[in-house]
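**Student:** Take a look at the letters that make up each chain.
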Amino acid sequence: MPLLDLPSTRAEAWRWADLGALSAAAALAPIARAGHEPHFLDLPGARLLFVDGLLDEAHSALDRVTLAHLTGGEHALGGRATGIGWSLRLDADAAADPVQVVHVATGGENHLPAEIVLADNAVAQVVETFVGAGWSNRATRIELGRSARLGRAVRLIQEGGFTSLRDEAQLGTGASLVSTFLGAGTAGTRIDGAVIVGESGYAEVGGALLTAGEQRQECAVRVRHAEPNGQSHQLWRAVAADTSVASLAAAVEVARHAQKTDGEQSLRGLLLQRTATVNLKPELEIFADDVKCAHGATVGELDNRALFYMQSRGIPRPRAQALLTRAFVADALDRIGNEVVRDAFAADADAWLERTL
Amino acid sequence: MLVIENLHAEIDGKPILKGLSLSVNAGEVHAIMGPNGAGKSTLGYVLGGRPGYEVTEGSITFGGQDLLALAPNERAAAGLFLGFQYPVEIPGVSNVQFLREALNAQRASRDEKALSGAEFLKLAREEARKLDMDAEMLKRPVNVGFSGGEKKRNEMVQMGIVDPKFAILDETDSGLDIDALRIVGDGINRIMRAPHKAVLLITHYQRLLDYVQPDFVHVLADGRITRSGGAELAHQLEREGYAEIAA
Numbered sequence: 037m038p039l040l041d042l043p044s045t046r047a048e049a050w051r052w053a054d055l056g057a058l059s060a061a062a063a064l065a066p067i068a069r070a071g072h073e074p075h076f077l078d079l080p081g082a083r084l085l086f087v088d089g090l091l092d093e094a095h096s097a098l099d100r101v102t103l104a105h106l107t108g109g110e111h112a113l114g115g116r117a118t119g120i121g122w123s124l125r126l127d128a129d130a131a132a133d134p135v136q137v138v139h140v141a142t143g144g145e146n147h148l149p150a151e152i153v154l155a156d157n158a159v160a161q162v163v164e165t166f167v168g169a170g171w172s173n174r175a176t177r178i179e180l181g182r183s184a185r186l187g188r189a190v191r192l193i194q195e196g197g198f199t200s201l202r203d204e205a206q207l208g209t210g211a212s213l214v215s216t217f218l219g220a221g222t223a224g225t226r227i228d229g230a231v232i233v234g235e236s237g238y239a240e241v242g243g244a245l246l247t248a249g250e251q252r253q254e255c256a257v258r259v260r261h262a263e264p265n266g267q268s269h270q271l272w273r274a275v276a277a278d279t280s281v282a283s284l285a286a287a288v289e290v291a292r293h294a295q296k297t298d299g300e301q302s303l304r305g306l307l308l309q310r311t312a313t314v315n316l317k318p319e320l321e322i323f324a325d326d327v328k329c330a331h332g333a334t335v336g337e338l339d340n341r342a343l344f345y346m347q348s349r350g351i352p353r354p355r356a357q358a359l360l361t362r363a364f365v366a367d368a369l370d371r372i373g374n375e376v377v378r379d380a381f382a383a384d385a386d387a388w389l390e391r392t393l
Numbered sequence: 015m016l017v018i019e020n021l022h023a024e025i026d027g028k029p030i031l032k033g034l035s036l037s038v039n040a041g042e043v044h045a046i047m048g049p050n051g052a053g054k055s056t057l058g059y060v061l062g063g064r065p066g067y068e069v070t071e072g073s074i075t076f077g078g079q080d081l082l083a084l085a086p087n088e089r090a091a092a093g094l095f096l097g098f099q100y101p102v103e104i105p106g107v108s109n110v111q112f113l114r115e116a117l118n119a120q121r122a123s124r125d126e127k128a129l130s131g132a133e134f135l136k137l138a139r140e141e142a143r144k145l146d147m148d149a150e151m152l153k154r155p156v157n158v159g160f161s162g163g164e165k166k167r168n169e170m171v172q173m174g175i176v177d178p179k180f181a182i183l184d185e186t187d188s189g190l191d192i193d194a195l196r197i198v199g200d201g202i203n204r205i206m207r208a209p210h211k212a213v214l215l216i217t218h219y220q221r222l223l224d225y226v227q228p229d230f231v232h233v234l235a236d237g238r239i240t241r242s243g244g245a246e247l248a249h250q251l252e253r254e255g256y257a258e259i260a261a
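One line per chain: the protein sequences are A and B, in this order. The numbering used here puts the first sequence at residues 37 to 393. The numbering used here puts the second sequence at residues 15 to 261.
Below, simulated EDC-like cross-link-like pairs (lysine to aspartate or glutamate); rule was C-alpha separation at most 20 Å, straight line:
| hint | chain 1 | residue 1 | chain 2 | residue 2 |
| --- | --- | --- | --- | --- |
| 1 | B | 32 | B | 71 |
| 2 | B | 153 | A | 367 |
| 3 | B | 165 | A | 339 |
| 4 | B | 153 | A | 370 |
| 5 | B | 165 | B | 193 |
| 6 | B | 136 | B | 177 |
| 7 | A | 317 | A | 300 |
| 8 | B | 136 | B | 148 |
| 9 | B | 144 | B | 193 |
No wet-lab data here; the hints were simulated from the structure. This one's a predicted model, so the numbers in the text were calculated from it and none came from an experiment.
Please take these sequences and the hints and turn them into a complete structure.
**Tutor:** And the structure:
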């Protein structure tokens with residue numbers, strides 16, 4: 037049996053995928069386990085530490101989270117994450133403290149499924165952090181009941197290998213999902229998402245991918261409005277340095293009877309050097325006639341006039357570049373509601389800038 | 015303080031400044047006037063160190079230092095301030111953050127202690143008040159959504175905060191109504207009129223000079239200074255036009 041049986045890059049959804057990197061990541065020799073403690077944020081609530089996809093019970097506090105046998109679904113990568121995973125299930129009207137999950141990879145490949153199921157009016161926050169090196173593959177199923185609200189923030193800061201995420205979310209009437217991703221490590225990443233928005237539902241899926249060296253990161257997210265009056269925002273920023281490649285593919289699909297849908301897509305790329313590549317693919321498939329779907333896609337460089345202006349006031353050029361780049365990704369990361377989490381993401385972005393500029 | 019000798023500069027291979035010489039001493043205000051296309055703004059940008067403005071001949075010394083050897087931020091740290099004709103909008107970076115970074119970078123290069131957030135805010139509010147700028151505008155992204163006059167006023171607030179030794183003000187009067195012109199003029203006098211400071215006003219019209227009295231007026235035409243005189247030269251230019259006098 038081949039190590040990996042993956043789709044071809046001839047398939048549209050995989051055209052920019054760096055599938056070779058997966059085998060390479062899976063073949064990474066074991067490395068020393070990175071310290072996990074600094075990656076937990078100062079928040080109350082559950083703390084889950086997974087090392088190579090296995091729960092480290094001594095360093096975890098499950099709170100309302102349980103372990104369960106889960107399936108990863110049909111997706112080419114997500115489907116591999118079938119087995120024992122973590123599950124957050126909240127009853128109607130329940131509100132949990134934030135759930136933090138830190139995934140440490142120490143070489144080789146590891147696969148882990150998860151589910152977040154919120155009953156009507158339940159509220160939850162989940163923060164995930166990926167560190168270490170290896171191929172970490174995740175499948176997360178999200179199901180939100182009527183008016184349930186989930187805030188999800190994922191930071192991908194592995195230093196080697198590859199992180200692949202597959203999220204499948206189903207939003208009930210009036211439910212809200214805000215998912216924010218930050219790729220600021222040195223590993224390859226692929227974020228795959230499929231979100232189905234119910235009547236009057238609200239979905240935000242976005243974030244920032246910061247690539248450098250020969251790194252490749254990409255997202256491929258599809259939001260489907262199945263019912264009327266839904267709202268969605270896909271706001272992604274890509275910053276690429278050196279010879280790296282960042283690819284953003286965001287699709288919005290509006291079903292025939294999903295009238296009054298309000299969909300927004302904003303994909304923007306920033307090239308720090310002309311040897312870098314940013315691919316953008318906004319996609320709209322609209323079958324209803326009374327909808328508002330705004331979309332924008334631009335790739336550019338830092339504004340030389342702004343750089344000179346800042347320098348002429350005394351700011352050294354690398355710092356001016358960092359301030360402008362930070363401003364470029366800010367609106368994608370500012371959507372994180374929790375201040376502690378938002379600050380941690382900002383610090384990761386700053387660390388990336390410090391390293392890269 | 016500033017000595018420019020036989021300065022030649024070009025943009026994209028096109029010569030703009032063709033042998034400009036000028037000497038400014040501490041305590042003096044000089045005005046450079048001239049027709050459109052004479053090279054006034056180019057002079058400002060060359061002094062500021064803008065990329066793309068290539069000096070092909072001549073020298074500029076500032077306080078005894080070779081100015082052309084310094085990066086733009088080093089020129090700022092040495093006490094040079096360039097007021098822009100078209101101040102740049104910087105979305106996502108607040109005025110406060112921008113100016114605090116700028117001031118502290120300048121202070122760091124002079125081995126001075128950085129100002130804390132609170133200390134800086136006090137200073138910035140005070141300057142904004144003196145220039146009749148709403149303190150709320152300090153929180154807004156740099157120049158974004160500012161009117162032409164507000165941008166110029168913001169330039170003066172920045173100048174007050176960094177407190178330079180030498181200011182080059184490029185068409186600072188354009189886009190200002192009569193009240194704003196007075197406030198900006200007062201600001202220039204308050205911040206820059208001192209025995210150890212000097213100003214180079216680049217302007218097309220005489221009206222700013224009613225508020226900031228120049229000690230010397232120079233006419234810049236076709237890349238050179240063709241005539242120099244006292245404040246009365248500005249009035250003569252206003253009356254008779256450049257064509258007559260610059261030739």
